[in-house]
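Single-letter residue listing:
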Amino acid sequence: MEELLEVRHLKTYFYNNGAELRAADDLSYTVKKGECVAIIGESGSGKSVSALSILRLIPFPPGLIMGGEILFQGKDLLKLSDKEIQGIRGSKIGMIFQEPGTALNPVMTIGAQIMEPLIIHKNLGKKEAWAEAVELLRRVDIPNPEERVRQYPHQFSGGMQQRAMIAMAMSCNPELLIADEPTTALDVTVQAQVLEQLNRLRAESDTALIIITHNLGIVARYADSVKIMYGGKIVESGSPVDIFENPHHPYTLGLIRAVPRLDLSKDYGLHTIEGEPPDMSKISPDSCAFAKRCTYAIERCQNERPPLEETRPGHFCACFQKNETKAEREALV
Amino acid sequence: MGKYVTKRILLLVPTLLIVCIIVFALMRMIPGSAVDMIVYRLGQAGQQVSAADVEAKLGMDKPAIWQFFTWFIGIFRGDFGTSLFQNESVLSMIGRQLMATLELVILTLILTNVISIPLGLYCAARQDSISDYTIRSISIVLMALPVFWIATLVLIYPALWWQYAPPATYVSFFTDPIQNLKMFFVPSLLGALSQTGHQLRTVRTVTLETLRQDYIRTAWSKGIGEGRIMLRYAFRNAMIPVITVIGGSIPGLIGGSVILENMFNIPGIGAQLVNSLDNRDYPVVQGCVLIFAIIVMVVNLIVDISYKWIDPRVELE
Amino acid sequence: MAEKIKSTSVELPIGGETKEIIDERIKKQAPVPKELEKQILKVDHLKMYFPVTKGLLARQVAAVKAVDDVSFSIKRGETLGIVGESGSGKSTVGNCIVRNYNITDGQIFYNNQDLSKLGKGEMRKLRKEVQMITQDPYASLDPRMTISDIILEGPRIHKTVRGKEEERELVGQMLELVGLNRSFKDRHPHEFSGGQRQRISIVRGLALNPAFIVCDEVVSALDVSIQAQIVGLLMHIQEELDITYIFIGHDLSVVRHISHNVAVMYLGKIMELTSSDALYKTPLHPYTQALISAAPIPNPTVDRGRERILLKGEIPSPINPPQGCNFCTRCKYADEQCMQEEPEFLDVGGGHFVACHKVPGTNMKGGH
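Protein sequence lines correspond, in order, to chains A, B and C. Under the numbering used here, the first residue of the first sequence is numbered 1, with each subsequent residue one higher. Under the numbering used here, the first residue of the second sequence is numbered 334, with each subsequent residue one higher. Under the numbering used here, the first residue of the third sequence is numbered 651, with each subsequent residue one higher.
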């Protein structure tokens, strides 16, 4: 079956005071129809940039997509004209962002904002679009949608704002939804509500979802496929079971062991990864970005960039030392 | 909303009182005995009066506080006093001239915004492009050049080259709009140019700030085109602070109209004020300044109310 | 010679000289009366209401009941975790304890001294012992001061160091304690990352040799791997210096890991208070159960097998909390009694406190 989205060798660089930051450095991954792909990374990993690049929302200056292909249903999005990509945004590919409070226009009603893509992409008249907006709010479980649709974003709570954004992004039944840290700014119980909603909606309409997050728990719960990013590159990718129960990359191992576990006794110690997330402008393209912090690093890691290799069917890892991590891997609970 | 407006209007009264006290006191502090000046001027105008007469007429023989309160109470009855030099009530004098000044101010405002807002938006949308630099340079030049200098050039050169001058007699807008506009167009344009420099840069800065907000990115992600984004997202949000600036510029426009009124022979309040100051025509001066103050307060009120109209987040108490 | 000191969570090398200083510090801390030696803090029916005013004359029309009758106690050297969502009042509790606010009602006993009865001079002395570290590593450090000045600010005011020599030593030791290079002392905050700045915040709090630190969302803004470093550091410091913590956060996993006991707050009240192990094994309050369910576990096999509890509705406003139990509007077990009567905060056995009418009841399920 043809992949819905194929990102091939994406290079998105940022230029700041003469320094070149490779936010996305030769990135390749695929998304199948209806699949939930989670991209995990910490700050400076380039995860948000990789998602924004798909819809060509990289601000220039300072950022620029330098190369690669993004094939959506066979067409390269990077080669489309401005008008053509506008036709895709909001209709075939929708996006929701991290802080719903600032991501919504404060001087437009919620209804007006939801109606926009309907009017632009599906040519609905104002009356029909309005009715559709009310229905969409109902679908995301916002009570009293007929009243709410006339209100402004500041009259909604954080969770409701995010659900309104989801309604907005899903309004034209997109094939793909990109969610950039959708619940980071929300309370825990609200987070759970919103994520359940999102998951239910996309299952109903068979929409693929790319979810970008730093929360390992969310990934474990919802993802069909996981990509771990570090320093602008994917360092490991596979199914959730592969990543959480059989990780090969030292960074993945470190990350999993650094998260406290609610279900285990407190003696399950937090293991730290020494050092700090990398300064993007100082990563050499000819070395492994994680080498400085890695306890398994050998000389080769400093001089060569490890390629992404398949260790088991569907499970890829970019590390020269991936077999050395066996002991640590097996010690995982 | 109604409650808010009523409350604000009621609050005008104490503010008005304070303004009146200040105006009254300042006037009395101007050096040079007013009475002597008046006797002198009236003598020149052919009227022989004695100082005592003037004092009685002015009520200056009575204590200052009495004078003040009579005047203040009179305001609420619509009686601003009578001019010392012309036998006309201050109110009707001001009324006549207010029209002309207001027209100048309104036309200047319209022209300023018609030029500065679209250009400001454009410069923000095309930040750091050549047109952006050019327009910004021109606006700096406009800010640097004094309006009276440009006005002088505008009066002299066209007269020299093309024998053209704007009409010098005032015709009310309602009597003959075309003729009226012919007279007001050039001074309004000049006033607008002097304001545009500053306002364009403000619009640009505020719009740039607005364009950096998250909701702009959301708008792009929905497939909305640049035009609509500038209009429905950037413009509406950027206007909130811009309205404040416009509101703040109005008092300056009214006061600054003096120069243009003088040069283009417009019978407005500015010119009137200067004349009356010269003559120490207390009632007229007091009346003018008071009207200015009232206009400023009303403009402020309108600006505050307009916030609520533009920005739904605003809660007017 | 560096010797590695093993703690339950993390290994940090500590230089020989620093260990001496640590021992000295423990000796220097304020003496405690023999009885109740273990209890360092007791909070009794704490209430903090913020008035809501309207109109020109600022009439009070309502009150935000940020903290509404909260009681707990902490033993020396332990950590009490306070977890809750927005409007729970957890940060306000922290601020009340360090006396950033004038409390509306209730009492706070520190080392058996009633804080509200202290005079200005005594309060000042107390500030050396009770410190607070907050969330935002970017806003809480003055960008115009050097690291050295930031760390020395407290000691200079309280005159705990004299002379340039002592100052330099203190700064050096402090930086080493949190794993930062001594040479950083002359730099400015903006030259450091979020994690490093948080370490500097921690060290600023430690510079006065406090016995008690309130940590208000100190790791919330940090990356996962850095969170682990800071949590490990805090736990290590607690072991070495016998410091008591109140750890406030919204991430149950993190709070539970660092704490001996956990209080779950909702809308200004404590819903449940128990040891951190019991909290996960036998959560009794429906809100706690919902919180636990909402926190996904980073293991797909484990997590996808758990029961999902989804709360309906939104958190009510703290100006107008529900009449009976604060949680009744969203609780699936709520009945008439819950809507009318506020439940009492009771010990249901072994120091496990709950405020719920439905516990202990036969139709309440504990666990997950």
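Hints in this document: simulated from the structure, not taken from any laboratory. Careful, some of the hints might be misleading.
Under the rule of at most 20 Å between Cα atoms (straight-line distance), these lysine to aspartate or glutamate pairs were calculated in the DMTMM-like manner [stated by the list, open to error]:
#1 C:Lys962 with A:Glu330
#2 A:Lys122 with B:Glu559
#3 A:Lys266 with C:Glu816
#4 A:Lys83 with B:Glu388
#5 C:Lys814 with C:Asp786
#6 C:Lys704 with B:Asp547
#7 A:Lys266 with C:Glu889
#8 C:Lys814 with C:Asp836
#9 C:Lys835 with A:Glu69
#10 A:Lys79 with A:Glu3
Here are some, though not all, of the chain B residues that point toward chain A, as calculated from beta-carbon distances under 10 Å [said to hold, decoys possible]:
#11 Gly428
#12 Arg429
#13 Leu431
#14 Asp465
#15 Gly558
Cβ-Cβ distance ranges computed for the label pairs, FRET-style [what the hints assert, rightly or not]:
#16 A:Ala19 with B:Leu345: 39 to 47 Å
#17 A:Asp206 with B:Gly558: 28 to 36 Å
#18 C:Gly727 with A:Gly275: 52 to 60 Å
#19 A:Gln155 with C:Val711: 16 to 24 Å
#20 B:Gly581 with A:Gly125: 52 to 60 Å
#21 B:Gly558 with A:Gln155: 50 to 58 Å
Where a beta carbon is used, it is the ideal one built from N, C-alpha and C, also for glycine.
Looking only at beta-carbon atoms, does the pair glycine 581 of chain B, glycine 125 of chain A fall within the given range of 52 to 60 Å?
42 Å Cβ-Cβ, so the 52 to 60 Å window is violated.
Would you say the C-beta atoms of glycine 558 of chain B and glutamine 155 of chain A sit inside 50 to 58 Å of each other?
With Cβ atoms ~28 Å apart, the hint is violated.
Residue hint aspartate 465 of chain B, partner chain A, criterion CB-CB below 10 Å:
Check failed: Cβ of aspartate 465 of chain B comes no nearer than 14 Å to chain A, outside 10 Å.
Hinted pair lysine 266 of chain A and glutamate 889 of chain C, Cα distance within 20 Å:
Roughly 15 Å between the alpha carbons, so the hint for lysine 266 of chain A and glutamate 889 of chain C holds.
Quick check on the hint: glycine 428 of chain B CB to chain A CB, less than 10 Å?
Where the cut-off is 10 Å and the nearest Cβ of chain A is about 39 Å from glycine 428 of chain B, the hint is violated.
When you check the alpha-carbon spacing of lysine 814 of chain C and aspartate 836 of chain C, does it fall within 20 Å?
14 Å, holds
Pairwise beta carbon distance, glutamine 155 of chain A to valine 711 of chain C, judged against the given window 16 to 24 Å:
Check passed, 21 Å falls within 16 to 24 Å.
Measuring from the C-beta of leucine 431 of chain B to each C-beta in chain A, is the shortest one below 10 Å?
Violated - the Cβ of leucine 431 of chain B stays beyond 10 Å from chain A, reaching only about 35 Å at its closest.
Given a hinted range of 52 to 60 Å, is it respected by the beta-carbon distance of glycine 727 of chain C and glycine 275 of chain A?
Since glycine 727 of chain C and glycine 275 of chain A have Cβ atoms about 30 Å apart, the given range 52 to 60 Å is violated.
Within 20 Å, alpha carbon to alpha carbon, are lysine 83 of chain A and glutamate 388 of chain B?
79 Å, violated
For the hint 28 to 36 Å, verify it against the beta carbon of aspartate 206 of chain A and that of glycine 558 of chain B.
For aspartate 206 of chain A and glycine 558 of chain B the Cβ distance comes to about 29 Å; the hint holds.
Take the C-alpha atoms of lysine 704 of chain C and aspartate 547 of chain B, compute the straight-line distance between them, and say whether it is at most 20 Å.
33 Å, violated
Comparing the model with each numbered hint stated earlier shows that hints 1, 3, 4, 5, 6, 9, 11, 12, 13, 14, 16, 18, 20, 21 do not hold.
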